[in-house]
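Listed here are the chains, written in short residue letters.
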Amino acid sequence: MIEVKNLTKKFDDFVAVDNISFKVEKGEIFAFLGPNGAGKSTTIKMLTTLLHPTEGILRVDGHNPVTESDEVRRSFGIVFQDPSLDDELTAVENMEFHGVLYDVPDKLRKERIEQLLKFVDLYDRKDSLVKEYSGGMKRRLEIARGLLHHPKIIFLDEPTLGLDPQTRNHMWSYIRDLNKNENTTIFFSTHYMEEAERVANRVAIIDNGKIVAIGTPEELKENTKTSSLEDAFLALTGNKIREETGGVAEQMRVMRRAWKR
Amino acid sequence: MKKIYILWLRQIKRYLRARSRIIGSLAQPLLFLLALGYGFGSVYQEAGKGDYFNFLAPGVISMGILFTAIFTGIEIIWDRQFGFLKEILVSPTSRFNIMIGRTLGGATIATLQGVLVMLVAFIFGFHLTNWWNIIPGILMMFLIATLFTALGTMVGSMLEDMQGFQLIMNFLIMPIFFLSGSLFPLEGLPKTLSIVTRLDPLSYGVDGLRDVFLGTGHYNLSTNILILVGITMLFLWLGSYFFKKIEI
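First to last, the protein sequences are chains A and B. Numbering (our numbering) for the first sequence: 79 to 339. Numbering (our numbering) for the second sequence: 113 to 360.
Please note that the accuracy of each hint is not assured.
Unchecked claim - In the SDA-like style, the derived pairs of lysine to any residue whose C-alpha atoms are separated by at most 20 Å in a straight line are:
1) Lys114/B x Asp181/A
2) Lys357/B x Val178/A
3) Lys216/A x Trp190/B
4) Lys125/B x Val178/A
5) Lys209/A x Leu121/B
6) Lys288/A x Ser153/A
Unchecked claim - Facing chain A, a subset of chain B residues (Cβ under 8 Å, in silico):
7) Ser203
8) Leu271
9) Arg310
As the list claims (entries may be wrong) - Derived coverage of chain A by chain B (criterion: at least 3 residues anywhere in the stretch with Cβ under 8 Å from a Cβ of chain B; other residues may be distant):
10) 126–140
11) 166–180
The set of hints was computed from the structure by calculation and includes no laboratory data. Positions of the beta carbon are idealized from the N, C-alpha and C atoms, including for glycine.
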């Protein structure tokens with residue numbers, strides 16, 4: 079379903095993704111793990127047509143994200159790591175917008191929006207502007223939106239960041255059902271190792287732009303002679319804390335606030 | 113088609129929810145209209161040119177449209193910074209349709225803003241020879257609005273953040289406004305200025321609007337429309353080209 083071969087992405091001199099290769103089969107739940115700044119999001123962005131690779135071959139649902147971007151875009155849904163909602167619209171309006179862009183037929187769209195908003199427990203607040211939502215509520219809405227069009231592949235970039243255990247479990251059970259019933263391929267990244275251990279069929283660990291290990295959670299534990307995926311992860315990537323630079327986005331948020339008032 | 117509609121609808125909703133902005137962007141055109149309109153009125157009259165306030169009003173309406181259009185176009189930078197642009201870009205929507213949807217949304221907003229300026233101008237004494245001309249006038253305003261929203265969106269899609277905003281204000285919007293004949297007649301200009309005004313797309317918009325409202329155009333009305341439509345097409349095409357190039 080997803081095929082990556084000798085993929086490299088450079089930003090000027092900085093190599094964010096360094097010659098990685100892997101495959102994800104249809105119906106698989108695949109975890110993509112790594113410390114901050116390891117190249118996870120960059121890889122996901124390349125798979126989802128937002129960035130062009132410097133070198134290498136990519137296939138998503140059999141199509142090339144660079145040259146056949148429309149076919150690729152039709153095949154997946156994504157929950158981004160950072161916010162991507164329109165704050166000035168209501169929850170329902172955000173969902174509607176998404177449903178229309180993905181050609182979900184009117185009747186089905188209405189049904190699913192209601193069902194998903196109930197599922198993430200936002201139905202009572204469906205007509206409130208998103209800017210009035212708390213962080214957790216926004217996160218839940220993003221997840222609901224990403225699931226709206228029932229894609230063949232779902233990309234989840236740290237989807238459970240900032241969610242309480244209840245919501246996290248709730249969300250994963252929905253995604254597993256989707257995986258079972260519709261044979262949806264799931265590709266996700268997370269910092270919660272026990273989460274990856276529990277739901278993923280296979281795991282890839284990326285560090286400094288290179289894949290350092292790939293296999294089932296059991297295989298990784300065996301190879302590193304550790305008892306949990308977290309220990310295996312630390313054994314493979316070391317204990318050093320990584321630097322990550324704050325982007326312009328945060329500065330802009332501050333600026334915009336000043337600008338609007 | 114439906115996708116274009118939903119992109120359009122989103123912008124209209126956002127506009128109607130930001131009431132302070134609607135009022136705020138009326139202030140500048142109003143200032144120009146009153147200070148210059150009344151200030152230069154008598155000089156203009158003595159030069160034998162007639163009613164300056166009436167001459168100026170279409171220029172100031174165009175100014176309101178120009179500013180709103182370019183700003184709503186450039187708003188795409190906010191979408192980029194707040195992540196919503198990603199949501200649009202990963203969707204299976206052709207880049208040309210994204211460009212069209214956004215442009216029509218912004219153009220509708222800018223036209224509404226132009227209509228508001230026009231209504232205010234009426235209150236202060238702007239008058240038409242034939243009031244039925246309001247309808248073709250609004251169409252003309254929409255044409256101007258579409259052109260400059262397309263330009264703004266195109267510029268916005270090339271910028272990463274608002275750092276370049278001052279640059280756009282001083283090197284794009286202001287020259288377009290001041291060199292368009294919004295404030296002065298196009299007849300009898302020095303050679304250089306005359307050439308520059310011909311290169312400014314707003315010249316044709318203002319002139320067309322004056323022609324429709326007052327029947328005193330410098331160029332032919334159909335020339336004006338043809339040039340405006342042509343440039344709009346060019347910007348739309350260029351804009352969707354730049355959209356394809358966006359990487360986040």
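We went through each hint and held it up to the structure:
1. Taken as a hint, the Lys114/B and Asp181/A pair is honoured in the structure, with Cα atoms around 9 Å apart against an allowance of 20 Å.
2. Distance check on the hinted pair: Lys357/B and Val178/A sit about 24 Å apart at the alpha-carbon level, beyond 20 Å; violated.
3. This hinted pair checks out: Lys216/A and Trp190/B have alpha carbons roughly 18 Å apart, not beyond 20 Å.
4. Pair hint Lys125/B plus Val178/A holds up; C-alpha atoms about 16 Å apart against a cutoff of 20 Å.
5. Proximity of Lys209/A to Leu121/B is assessed by CA-CA distance (about 19 Å); at most 20 Å being required, the pair is judged to hold.
6. As the CA atoms of Lys288/A and Ser153/A are separated by approximately 26 Å, the hinted pair breaks the 20 Å bound.
7. Among the interface hints, the one on Ser203/B holds; its C-beta lies about 4 Å from the nearest C-beta in chain A, closer than the 8 Å criterion.
8. Against a cut-off of 8 Å between C-beta atoms, the interface hint on Leu271/B is violated, since the closest Cβ of chain A lies about 11 Å away.
9. A hinted interface residue such as Arg310/B counts as satisfied when its beta carbon comes closer than 8 Å to some beta carbon of chain A; here the least separation is about 36 Å, so the hint is violated.
10. Residue count for the stretch 126–140 of chain A with a Cβ under 8 Å from a Cβ of chain B: 5. That meets the three needed, and the coverage hint holds.
11. Counting residues of the stretch 166–180 of chain A whose CB lies closer than 8 Å to any CB of chain B gives 9, which reaches the minimum of 3, so the coverage claim holds.
Comparing the model with each earlier hint shows violations of hints 2, 6, 8, 9; every other hint is respected.
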